[in-house]
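Trainee: Produce the entire structure from the sequences given, and follow the hints as far as they go.
Letter by letter, the chains look like this.
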Amino acid sequence: MAVKKWSAAEVARKVIENKKLFILDVRNQDAFEDWKIEGHQFSYLNTPYFDLLDGVEDVLPQLPTDTEVLVVCAKEGSSIMVAELLSEAGRDVGYLEGGMKAWSMYLEPIKVGDLAAGGEVYQFVRLGKGCLSYMVISDGEAAIIDAVRFADVFIKFAKEKGVKISHVFDTHLHADHISGGRHIAEATGASYYLPPKDAEEVQFEYKALEDGLTVTIGASQIEVGALYSPGHTIGSTSFVIDNKYLLTGDILFIDSIGRPDLAGLAEDWVSDLRETLYRRYRELSEAFIVLPAHFMIIDELNEDGSVAKRLGDLLAQNHGLNIEDEEVFRKMVTDGLPPQPNAYQEIRQVNMGKITPDNDKQTEMEIGPNRCAVR
Amino acid sequence: MNITKSLDAKGLACPMPIVKTKKAIETINSGEVLEVFVTDKGALNDFAAWSKAGGHTIVDQKEESGLITFYIQKA
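Respectively, the protein sequence lines represent chains A and B. Sequential numbering of the first sequence, starting at 1, is according to my numbering. Sequential numbering of the second sequence, starting at 1001, is according to my numbering.
Derived from the structure by calculation, the hints contain no laboratory data. Check before you lean on any hint, since a few could be wrong.
[Stated by the list, open to error] So the derived label-pair ranges between C-beta atoms look like this:
hint : chain 1 : residue 1 : chain 2 : residue 2 : range
1    : A       : GLU186    : B       : SER1065   : 27 to 35 Å
2    : A       : ASP313    : B       : LYS1022   : 52 to 60 Å
3    : B       : ILE1058   : A       : GLU186    : 42 to 50 Å
4    : B       : THR1057   : A       : LEU337    : 31 to 39 Å
[Said to hold, decoys possible] Heads up, simulated EDC-like pairs for lysine to aspartate or glutamate below, C-alpha to C-alpha not over 20 Å straight-line:
hint : chain 1 : residue 1 : chain 2 : residue 2
5    : B       : LYS1041   : A       : GLU364
6    : B       : LYS1041   : A       : ASP54
7    : B       : LYS1041   : A       : ASP30
8    : B       : LYS1052   : A       : ASP34
9    : A       : LYS361    : B       : GLU1063
10   : B       : LYS1052   : A       : ASP51
11   : B       : LYS1020   : A       : ASP54
[Unchecked claim] Take a look, some chain B residues computed to stay more than 10 Å from chain A by CB distance:
hint : residue
12   : ILE1003
13   : SER1006
14   : ASP1060
15   : GLN1061
The beta carbon of each residue, even a glycine, is placed where N, CA and C say it ideally should be.
Mentor: Put into structure tokens, the structure is as follows:
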């Protein structure tokens, strides 16, 4: 039996198309429990590769014969070894090229809608990490919001679409992933915007992203309007695009809300978070389509793989938006929070331009789930 | 510490450091110590988990400019 090499893109299709897949994850138990490839219809077996060095007989009966089997490890080396052992034992299996490292880096662009006067909105879904980035395209121009580290993916996509990147925004100073915003701006000559309240310590030039700022993309009057919405960070800013899409950054997600503690100031920011979620957002049209900067669980994906929902639906269904009592709310977003993202303090320093680790180090810093939300 | 055997796994990527360490530890007696040099960062977690699974004890480990050294006492 030949061992099939799977790309991260092929695994992403299985997730988005709601297909079955059996994953034999040969990393350590800790690594598997912390973070794995999530799919609606995926099933799993976690057996560390070092338990299989003397033979794979023990796992053979546990592998299905009616579902494709994919062996996964951190980088790929161990998964190739295990896949070959399984293959020698007569099983038809594949391995994930580049392992979890490649999975963490893969971006799937999905169109989430059209703009009234012509143009499109794309969401870049980073399935392995739960990060969502956006590109708004109109009349030869593009704006990018909350770009992840892989600047070249966005630059290439814009090139394919024949558009020039003119504006690059970060809704806030990210703590869970390294922003690609500054590098995209440097490479394309676009302006890079950050909320000044988040950017007090940054080491580079940026334009101020402030409440009420409006920019026009293309000649077709597509407006991108900023709405100050603090709570996850003190500078967190949302965007209203084309009077239809509400980009909430890390303040409001589909099935959860932002956590206020990643800059160490949960107690101080909890009332800002409350104000944003319970007053500012409630003054907006319920017909707005919420486009967040993250998803936390695979159930938040729509059928086409996108992550988007009407604001009205979220106001009715999202638990974090329906806690009447302020004290209960305060307790929920400050007590018993999930563990903080891997290396989040260092990631903030990279995003401030204070440190510039090499590519491998950056990859390592971003390993693991994003954990920006409170459910 | 009395080192019975030394293994150079520098420059090797996962899974080879563990594969070689497993073979090497089979050649020493219970209670004896194997010294292993590795440069693959993934080894930090893998050696801990592998030793635990096999009942071996990492009696000491150090990391110096990218070189990781484990001292593993056989179960």
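Trainee: Indicate, hint by hint, whether the structure satisfies it.
Mentor: How the hints compare with the structure:
no., hint, result
1, A:GLU186 x B:SER1065: 27 to 35 Å, "holds, 31 Å"
2, A:ASP313 x B:LYS1022: 52 to 60 Å, "holds, 54 Å"
3, B:ILE1058 x A:GLU186: 42 to 50 Å, "holds, 45 Å"
4, B:THR1057 x A:LEU337: 31 to 39 Å, "holds, 35 Å"
5, B:LYS1041 x A:GLU364, "holds, 10 Å"
6, B:LYS1041 x A:ASP54, "violated, 24 Å"
7, B:LYS1041 x A:ASP30, "holds, 16 Å"
8, B:LYS1052 x A:ASP34, "holds, 19 Å"
9, A:LYS361 x B:GLU1063, "holds, 16 Å"
10, B:LYS1052 x A:ASP51, "holds, 12 Å"
11, B:LYS1020 x A:ASP54, "holds, 13 Å"
12, ILE1003, "holds, 22 Å"
13, SER1006, "holds, 21 Å"
14, ASP1060, "holds, 21 Å"
15, GLN1061, "holds, 16 Å"
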